[in-house]
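Protein chains: 2
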Amino acid sequence: MFFLTPVLVAVLCILVVWIFKNADRNIQRKKGEPGARTKSRAWVDEDLRDSTYLHQAEEDADEWQESEENVEHIPFSHTRYPEKEMTKRSQEFYELLNKRRSVRFISNEQIPMEVIDNVIKAAGTAPSGAHTEPWTFVVVKDPDVKHEIRKIVEEEEEINYMKRMGHRWVTDLKKLRTNWIKDYLDSAPVLILIFKQVHGFAANGKKTVHYYNEISVSIACGILLAALQIVKTVPKELVLISLLNLQ
Amino acid sequence: MFFLTPVLVAVLCILVVWIFKNADRNIQRKKGEPGARTKSRAWVDEDLRDSTYLHQAEEDADEWQESEENVEHIPFSHTRYPEKEMTKRSQEFYELLNKRRSVRFISNEQIPMEVIDNVIKAAGTAPSGAHTEPWTFVVVKDPDVKHEIRKIVEEEEEINYMKRMGHRWVTDLKKLRTNWIKDYLDSAPVLILIFKQVHGFAANGKKTVHYYNEISVSIACGILLAALQIVKTVPKELVLISLLNLQ
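Chains as they are written, first to last, in UniProt numbering: chain W, 1 to 247; chain U, 1 to 247.
Note that these hints are calculated values from the structure, not bench results. Warning: the hint list may mix true and false statements.
Chain copies aren't distinguished; within one or between two, either way the pair holds.
What the hints assert, rightly or not - Dumping the calculated DSBU-like pairs for lysine-lysine here, alpha-carbon to alpha-carbon at most 35 Å:
hint, residue 1, residue 2
1, 206, 163
2, 174, 146
3, 84, 146
4, 174, 141
5, 99, 88
6, 141, 88
7, 174, 206
8, 207, 174
With the sequences and hints as input, model every part of the structure.
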């Protein structure tokens, strides 16, 4: 039996693989050496590899000198609680987080935009590969846009269930009683779309590498979930979908 | 200028790609159809794909029926703060998280194991693909084991800097002034190693699929960082390394 109470905010985490990622791969294929690369870089992370080899031949040593001048160093301060207080705070945080559920019914009650801003700012404090901060958060409130998003997500998710993901995946999901219908994407007052940036651009227009971008964005999602739970706005399940061609 | 104050806990997040992942790939290669798979599953996540096709031919429909009997449903409860309170809480959480830094100097002061247990329990509340919870947290306090870990990490990291990651990566890291020496792995009283499980095992010994395992583990890392910041034990940078052959 499910006792899912309507909640306040829907977080739709769509981790989008930019279309550029496809482009990167095509370039690599044209070089005709994917086998050699895989072999020599066996220990390197997938998403790192994808965007790194684009730039191997480039000479970018000057870029550091340029950017260094603009770096502002912020003094680090640190407060330590007494041990008893540390234990108490860690216990309370665990108990609060442990109340989070991935619900499928979302209340349409409005919440202040300031709260949405704050939880996204908190997520943006996440560490990231070489401090590239490879994320984009998009807040959607417009009912028509939300509905368009729902249609895209449902269409892709239906393909997941019907053929893309295979029999095993569908079987494994049965106990969760989920399907591809996502009516909460209409009912939730706010959707937060989370995009990963597989690369960035330098001031001179050159592509820059976003190391470990998927891991970094996912860590930011973890902090976002914690922030939402702190304000007791229980978020929607994380819909973790890689959409190759969403533009 | 850096003003890095010694802190309490080092979190070493080593995201380990099990050696089985290699095995999975070998099996796939033997099937001789990687091209076809890539084409028909273009939208499917990398880590999902890696472990899924191992099981496509298997008939596991019975497993759900078995596991369903053991499922315990926990009623969902939800508290909503007044809007003003929500805003205040989200603001405070952001300000606290914004004080987190990826430091390279770690205090050797001890902290209660109960705190470590609680922050790991909090991380374990993270959502995960099909609720597979594909993570293993390992707490290391023994100085000899810590030192062995340091040697492994430094050895791999030196290869990263010297040849594996390439010129561009080394250039991009220059402004962070990092290198492969990790003496904080000795000085920190506690290391938390975080492993991703690319698959699990069912009661009958069969391999089970851990969907989106890297994303799921990274989300758990985000919550772990938030939990550590809540107790004001500022964590070490996330060392996000994929180690293919660490056993």
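For each hint, the structure was consulted:
no., hint, in the structure
1, 206 - 163, "between (39 Å within a copy, 23 Å between copies)"
2, 174 - 146, "within (27 Å within a copy, 42 Å between copies)"
3, 84 - 146, "between (46 Å within a copy, 26 Å between copies)"
4, 174 - 141, "within (31 Å within a copy, 41 Å between copies)"
5, 99 - 88, "both (17 Å within a copy, 20 Å between copies)"
6, 141 - 88, "between (38 Å within a copy, 22 Å between copies)"
7, 174 - 206, "between (46 Å within a copy, 18 Å between copies)"
8, 207 - 174, "between (43 Å within a copy, 18 Å between copies)"
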